[in-house]
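*Asks:* Residues per chain are reported as follows:
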Amino acid sequence: MSDAIIEFKQIYKSFKKGRTSIPVLQDINLAVKKLEYLCLVGESGCGKTTSGKILVGLLKPSSGQIFFEGQDVSTLRGSEYTRYRRAVQIIHQDPYASLNPTHTIYDILSFPLFRHKLVKNRAQARERAGQLLETVGLTPVRDVIDKYPHQLSGGQRQRVSIARALTTNPKVIVADESVSMVDVSIRISILNMMMNMRESLGVTMIFITHDLALAKYFAWQGRIAVMYLGRIVEIGPTPDITHFPQHPYTKSLLSAIPEPDPDRTRTKDQIRLRSEDIPRLTELPPGCSFHPRCPWFVPGLCDKQLPQLAPVADSKGPVQVACLPMTQGKPLIPYES
Amino acid sequence: MSEVVLSVQDVSIVYRVSRGQVKASQHISFDLHKGESLALIGESGSGKTTVSLSFIDMLPSAAKITGGKVLYTRDGKTENIFEFSEARMRDFRWHDCAMVFQGAQNAFNPVLKIKEQFLDTARAHGWRDKGKVIKRTLELLRLVRLDPERTLESFPHELSGGMKQRTLLALGVLLDPQVVILDEPTTALDILTQRAIIEVLKEMQSRLGFSIIFISHDLALAAEMADRVATMYAGEMVELGSTQHIFYEPLHPYSLGLLQSVPRLSQDKDELSSIKGNPPDLIDPPSGCKFHPRCPFAQELCNQEEPVFKEHEPGHFAACHFTENVIEARANLWKKD
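Chains as they are written, first to last, in the numbering used here: chain A, 1 to 337; chain B, 1001 to 1337.
Chain B extracted, bound-state conformation (with noise of 0.2 Å):
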């Protein structure tokens, strides 16, 4: 595989509140390769967004990042994200990794024109040549499919969420980095709007190279744009594959769970089923597997012992004690109809 850009290594993160502490990630783990999009998938409190964050340094206050390294390899330099000085932190936000937030559409200034917005990124950078800056602008613009001339003179008021968004991911990579975070980024969009975004995503990242952790509760989407998912379960990765791995050949319960629970629409009627039970409490989160008391292969060495994250084949690792049960149970999974 080609060259790791970003390798996370036994990351894990707390917040510190009046209970005590939440354990949001937890012995995260996993490379992520040069032009290859990576899926985080999980539900709400999983940690996906708070590893994410982790990266840019720009976890809220009350997190404490408790152990684990984070290396970064830019033109066979490599260097620990955890230990940058601020004024390296600064200069690796945006240039080297760029974020795209939830919702961020409104992100905007709503008074600036759209062009003093990437001029002011570009600044802010140290890019000091304004001709470059819009040359690449309209190249960009053009990139995400929108009148590149139009949009740079209009305020954001002017155009729609769709259109505020690609000029979004455009803003995104106009330093060119290395790494693109997208937090849930087609969740706030139309369907006809979102498809749009995803051919647009399709073709940039193929254009410009730049490698992809896109965070996501919709399976759908992981599905259509990624390489390699990761599903995360209580702040912990419980399985990491590649798409055609966990969707089709999953070895994780949670994961076996979450695609036995979402409708598909070229099918006639589906057996779907819920995963019993709610999210534990990440302050006294259960013994053993995490996952144990929603699990419906449990049993007792699950409650006493926590499953190793191991490879069970070349590049599908999973954290599950019985992964025979999963694989026995998958094979109703995709019975055609």
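Excised from the complex, chain A in its bound form (with noise of 0.2 Å):
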């Protein structure tokens, strides 16, 4: 077996709404090595959220399998399916929401302790719970740690739900938008601190996000997975993505980025996509869903075929790219109608 900490293998979910099924993902293959840094980034409705949710157990997908340590999570029973359930955390996106706001903090941390009979009284739920204050940086815990979360501000309940996925000794914790929601000059500091749970904690830590300027700086040394549309279009590592970008997705969406850099962004190359709308997921494209969008359209094949990941024709580097001219070595000739 592969020494995959985690692994998606073809796997699919749709939501049903009224009579019609939404494909919400479709065939997402995945391999998460133990302590890499992974990124899932996409806009808005393509799936990234939805995975998060599938590798951690909040949900199930509609078909296909996830491994947890080389095991097929669907099989697992009782106390094994307790302990994934406890090795994978999430920490959510909105801070605001994600936190009881008539518990105190304790309260929120001692849960899970008590819970998973992590402690046996009172006084070492309260002993975790300052530990773990102290692990994401709230100290002095007294200050903390019998506040509502209405006594803190964002960044530092951010901090708090990240001391609550610490609290079953995780590891895998898959961090969805984490600091989307915080103010930017304190976000760094909160990515740095996860980032370094990764080496004090041994945690192997997946970043969803639709920021890739925050997936490059979090994901240098790993891989981002770029996803359209409920798949996987480009996967490869970081520094390939952010500077030799493929798929023409990732391509647009790479020059389209504003940077805090006026000189940069304003002289910046610009692709013009064929439309600005994404299809609705229920009225899929056939093909491959970019080709109405796609500048480099290739009639007759784009919308005829299915492309799946694969390495670019004759390149020899990591990089999988789910374009069919790319991976069979056609150049791309921009489209005229």
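Hint data in this document are derived by calculation from the structure and do not stem from the laboratory. Remember, it's a predicted structure, so these values are computed and weren't measured experimentally. Note that beta-carbon positions come from the ideal geometry of N, C-alpha and C, so glycine has one too. Honestly, I wouldn't trust all of these hints.
[Stated by the list, open to error] Straight-line Cα separation of at most 35 Å, DSBU-like style, residue types lysine-lysine; simulated pairs:
#1 Lys53(A) - Lys1276(B)
#2 Lys1130(B) - Lys1202(B)
#3 Lys1269(B) - Lys53(A)
#4 Lys268(A) - Lys1276(B)
#5 Lys1115(B) - Lys17(A)
#6 Lys17(A) - Lys1113(B)
#7 Lys1276(B) - Lys147(A)
#8 Lys1113(B) - Lys16(A)
#9 Lys1269(B) - Lys33(A)
#10 Lys1269(B) - Lys316(A)
#11 Lys1202(B) - Lys268(A)
#12 Lys171(A) - Lys1269(B)
#13 Lys1064(B) - Lys147(A)
#14 Lys171(A) - Lys1276(B)
#15 Lys1269(B) - Lys330(A)
#16 Lys1269(B) - Lys251(A)
#17 Lys9(A) - Lys1269(B)
[What the hints assert, rightly or not] Across the chosen pairs, the derived CB separations fall in these ranges:
#18 Glu1149(B) - Ser337(A): 20 to 28 Å
#19 Gly1067(B) - Pro334(A): 52 to 60 Å
#20 Arg122(A) - Ala1188(B): 42 to 50 Å
#21 Ser1273(B) - Ser200(A): 13 to 21 Å
#22 Ser337(A) - Ser1206(B): 27 to 35 Å
#23 Lys16(A) - Ala1331(B): 55 to 63 Å
Need the complex rebuilt from these two chains, each delivered in its own frame; the hints are there to steer you.
*Replies:* This is how it looks when you write it as structure tokens:
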């Protein structure tokens, strides 16, 4: 078996809305290595949050398998399943919504400790809660532990959320847009803290974001997977993705992002999409779902055949793209209608 | 420089709450010139929205303007906005100064066609000639790159988020205002949609010649769109200058701190650092310079004496006692890789 700590095999997920079925994830294959930095990047509706929820067991896939440390999660029962749920935790996006306003920080941290029988009594729970708060940099502990969430700032709340994810000594943490609601000036300190947890606590971090610049910072030594409409369209080492994007969608994203550098951002080459509208998930175009917008659309190929993730033709690099012209070694030619 | 449209002079606003007064905006002064775009950047609670709301008398009832004036000039006539009668203010809004609120895509009436909503607005401001309104509406919708006839006959739910935002921009400038205030204009939008909005805004501004005040915490957006940038901290304007000044030669430690905390996509591994600490309590703000508890260059003086917001080079203002230290530290900011 591979050295993957968690692995998606042909994961599909669809949600039912009335009589229609909305395909949110299609054929996701992804192996996360132990202690790897992995980022899932994409725009809203691309399925990145759903992937995260499936990863931690909050949602069941419609089909496909998830392997945790080599074991198929759907076959786990009883204490085995609890062990898996304990080992993978999630930090939600909104620290204002994810902490119960009627519970103190101590309550919030002690519930999972008691639930999973990680402590025997209140004194132990308080001590462990204190340790966790120290780990996430909320010191002095006595100033925080008996407060309610509304008495803390957004950044502090997000730290509490991280401390809560750590209560069960997880091996994998999924951080879903964990800093997008935190002020710019303190984002980096929270990101750095999460990156340090990998070293000090041996936690594998999966970071979900729409912000490619943050993804780049977080996963510089790892990989980025770019998602579009429920599929992974490009995956590879971060420097390759951010500096030499291959897939037309990744290329357009990178060219469109404004940068905090006036001279550079105003002289960037802009890629003009053929359409600015994202297709609905219920009316996905045939073939490659990016083809109606793609500036390098090849009629008769892209709208007929579904691209699979594969290396770019003639390249020995580790990057994989789901783009037929690229994987078949055809040059990208601007499409003229 | 071209003529001044809006001259904000020493404006202070407080919110009365049970614990006392929240000093949301203190001694704000700046001039807005014809056709320029000025970005107000700062974190949540820095007072950027509060100041802007005061221009159109839309502050919540707990707010009180405690001083200052805002002079508005159109066709050579100058008036103080704070002394407007209610009738004059009603006329001023939208006609002279339009504001597009954050997440306002949801502001459309869901049961009225877009056409009705444009006509409604025009009627409320005394434009009775339907034909003329429709003609202008079609022009504006074309300008924001929408299919004018189709959009006009659509209901809001038939438009995507990006299309709604563009329709809203068109509606904002329907009555030919001189000043358009945009509160986080692209925050809720996807990257590719965001790019389209930026392009549209630039084009609209160059064609119609209005001035823009845009409020954002997104430095990249300011780098992309602004002619001048003002940094706000704890209710005060701490730095104001051209976009080049603020990004490449910042004089205030807070501006520098912000720039040091955002990752840049096109660079290799960034050296980033957060600003230490948390934003201050505005009911009981720190003495002296409000930034001193978080400032890496703070000295005894900063704690005692409030720095003056003064012009350090033509057009570049900052409120800091020790700008020379910032100048020294900023040398590392734009090391080329």
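*Asks:* Decide, hint by hint, whether the structure agrees.
*Replies:* Verification of the supplied hints:
no. : hint                               : verdict
1   : Lys53(A) - Lys1276(B)              : 32 Å, holds
2   : Lys1130(B) - Lys1202(B)            : 28 Å, holds
3   : Lys1269(B) - Lys53(A)              : 30 Å, holds
4   : Lys268(A) - Lys1276(B)             : 33 Å, holds
5   : Lys1115(B) - Lys17(A)              : 31 Å, holds
6   : Lys17(A) - Lys1113(B)              : 26 Å, holds
7   : Lys1276(B) - Lys147(A)             : 22 Å, holds
8   : Lys1113(B) - Lys16(A)              : 30 Å, holds
9   : Lys1269(B) - Lys33(A)              : 22 Å, holds
10  : Lys1269(B) - Lys316(A)             : 24 Å, holds
11  : Lys1202(B) - Lys268(A)             : 15 Å, holds
12  : Lys171(A) - Lys1269(B)             : 26 Å, holds
13  : Lys1064(B) - Lys147(A)             : 31 Å, holds
14  : Lys171(A) - Lys1276(B)             : 29 Å, holds
15  : Lys1269(B) - Lys330(A)             : 33 Å, holds
16  : Lys1269(B) - Lys251(A)             : 20 Å, holds
17  : Lys9(A) - Lys1269(B)               : 32 Å, holds
18  : Glu1149(B) - Ser337(A): 20 to 28 Å : 21 Å, holds
19  : Gly1067(B) - Pro334(A): 52 to 60 Å : 58 Å, holds
20  : Arg122(A) - Ala1188(B): 42 to 50 Å : 43 Å, holds
21  : Ser1273(B) - Ser200(A): 13 to 21 Å : 19 Å, holds
22  : Ser337(A) - Ser1206(B): 27 to 35 Å : 28 Å, holds
23  : Lys16(A) - Ala1331(B): 55 to 63 Å  : 59 Å, holds
Hint compliance for this structure: every hint is met.
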